[in-house]
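Trainee: Next come the chains, spelled out residue by residue.
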Amino acid sequence: MSDRNLYSRKATLDLKISEFEVPPMLDLLIIGRKAPIGPEAARRMAEALSPEQFTLLRMDHPKIEAVLVRNSVLRMLEHDLLTNIISEEAENLLLETMVLRAELKVTVSVRREVNLR
Amino acid sequence: MKVDELISGPVHTISPEKSVFHAAELMDGQGTDTLVVVDHGVVAGILTSRDVRSSHPNRIVADAMTPDPVTVSPDIFIWDALKIMDRHRIGRLLIQDGNTLAGVVTREAVRIKLSELMDPLTGLYREPYIRAIGEALLEKEQPFHLLFVDLNDFREVNKRYGHPFGNDVILAFARRLAKWAKETRDFLYRYGGDEFVMISTAEEETVDRFIRTISRPLDINRVTVSAAVGHVNGLKEPRFFSMPFREMLAKASLLSTCAKADGEEESGNAGVFSPV
Numbered sequence: 000m001s002d003r004n005l006y007s008r009k010a011t012l013d014l015k016i017s018e019f020e021v022p023p024m025l026d027l028l029i030i031g032r033k034a035p036i037g038p039e040a041a042r043r044m045a046e047a048l049s050p051e052q053f054t055l056l057r058m059d060h061p062k063i064e065a066v067l068v069r070n071s072v073l074r075m076l077e078h079d080l081l082t083n084i085i086s087e088e089a090e091n092l093l094l095e096t097m098v099l100r101a102e103l104k105v106t107v108s109v110r111r112e113v114n115l116r
Numbered sequence: 000m001k002v003d004e005l006i007s008g009p010v011h012t013i014s015p016e017k018s019v020f021h022a023a024e025l026m027d028g029q030g031t032d033t034l035v036v037v038d039h040g041v042v043a044g045i046l047t048s049r050d051v052r053s054s055h056p057n058r059i060v061a062d063a064m065t066p067d068p069v070t071v072s073p074d075i076f077i078w079d080a081l082k083i084m085d086r087h088r089i090g091r092l093l094i095q096d097g098n099t100l101a102g103v104v105t106r107e108a109v110r111i112k113l114s115e116l117m118d119p120l121t122g123l124y125r126e127p128y129i130r131a132i133g134e135a136l137l138e139k140e141q142p143f144h145l146l147f148v149d150l151n152d153f154r155e156v157n158k159r160y161g162h163p164f165g166n167d168v169i170l171a172f173a174r175r176l177a178k179w180a181k182e183t184r185d186f187l188y189r190y191g192g193d194e195f196v197m198i199s200t201a202e203e204e205t206v207d208r209f210i211r212t213i214s215r216p217l218d219i220n221r222v223t224v225s226a227a228v229g230h231v232n233g234l235k236e237p238r239f240f241s242m243p244f245r246e247m248l249a250k251a252s253l254l255s256t257c258a259k260a261d262g263e264e265e266s267g268n269a270g271v272f273s274p275v
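Here the protein sequences come in this chain order: A and B.
Here the first sequence stands for residues 0 to 116, where the numbers follow numbering that gives the first Met the number 0.
Here the second sequence stands for residues 0 to 275, where the numbers follow numbering that gives the first Met the number 0.
Bear in mind the hints are in silico, worked out from the structure with no lab data behind them.
There's no promise every hint is true.
To be verified - Label-pair restraints from in silico Cβ distances:
id	chain 1	residue 1	chain 2	residue 2	range
1	A	Pro23	B	Phe20	20 to 28 Å
2	A	Arg111	B	Arg49	55 to 63 Å
3	A	Glu20	B	Arg49	34 to 42 Å
4	A	Leu12	B	Asn98	54 to 62 Å
Even glycine gets a Cβ: it sits at the ideal position worked out from N, Cα and C.
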């Protein structure tokens, strides 16, 4: 009885709060052929959270089944150019069971020669 | 002979947002290896046990299924079903009767059924095949040529050289017939020992040319063989569409016997006999 009175059990909580990104992904989602989330599920998720902002590109690649791309990226780059870059760069990084997310920054450098007044 | 004869059991459906894990449990519970994926009342795909095995169980069915399944009517012939599966490189067909999903037919079921209809020596179909084709054409009132091709004195070949050699001759002769036949217009089968039947929708001149070719003595495996052909011409036969196919076949067979007799009288080789 006395032992029970001395015994105490406490828990410590750590709470971290940060802003939820909508959708919880960046510019690209690279989906492996045997990933637990398939292309259609990823497309539906993105469509539910950010309607009409992402496009699913199916890939003819041994490891990569599809890429979900933010539409704004596709407005700047050709589909083929983008999928070729992804194929080359993700080749060594990706296992077919994985889903990778990627951020794509496009920096435009402009230099013009103009006539002075 | 129609594909609806091969439908096995009821159709089990699943919605595309269910998990592959759930689909596997459903398959086990229902004792089926095929689920039809239905999205808001519309058929969206087929999910097979093979799809389930090759997909992560967490995936949704939409990511594991084969989309846009090929649908056929229940009254197509099983050999046509196989051609459709070959053309699309698929293993299953959905059978749709009007707006109702009647069932699923597998390539395996079609192959087993076709092997029952096939002559093991020549690889040609047997009698139920040509009967089904003939009756279907008669029903559609589409004229055709029915040819009964009978090898002459084949018994002598067997007697002189033995039955294995006779089989070689039959096989070589069947190959010659098959080489001439075109898939889109001719249907060929082996009726009996040395008898073959062909339904042809080719032009009359083409059929006549074929009959002349096949009636001439042919050198097969260093033995000269010839054939007698009985010809029922759907373009000329007065009561062609009112004649039962069985009767038409009997007529073609008797005409080949007449051709044989006439040919033997004339030149020692049997020829062609057409009644009209």
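Trainee: Now, for every hint given, state plainly whether the structure supports it.
Mentor: Tested hints:
1. Pro23/A x Phe20/B: 20 to 28 Å: Cβ of proline 23/A to Cβ of phenylalanine 20/B: about 23 Å, so the range 20 to 28 Å holds.
2. Arg111/A x Arg49/B: 55 to 63 Å: 59 Å, holds
3. Glu20/A x Arg49/B: 34 to 42 Å: At roughly 38 Å between Cβ atoms, arginine 49/B and glutamate 20/A fall inside 34 to 42 Å, so the hint holds.
4. Leu12/A x Asn98/B: 54 to 62 Å: 58 Å, holds
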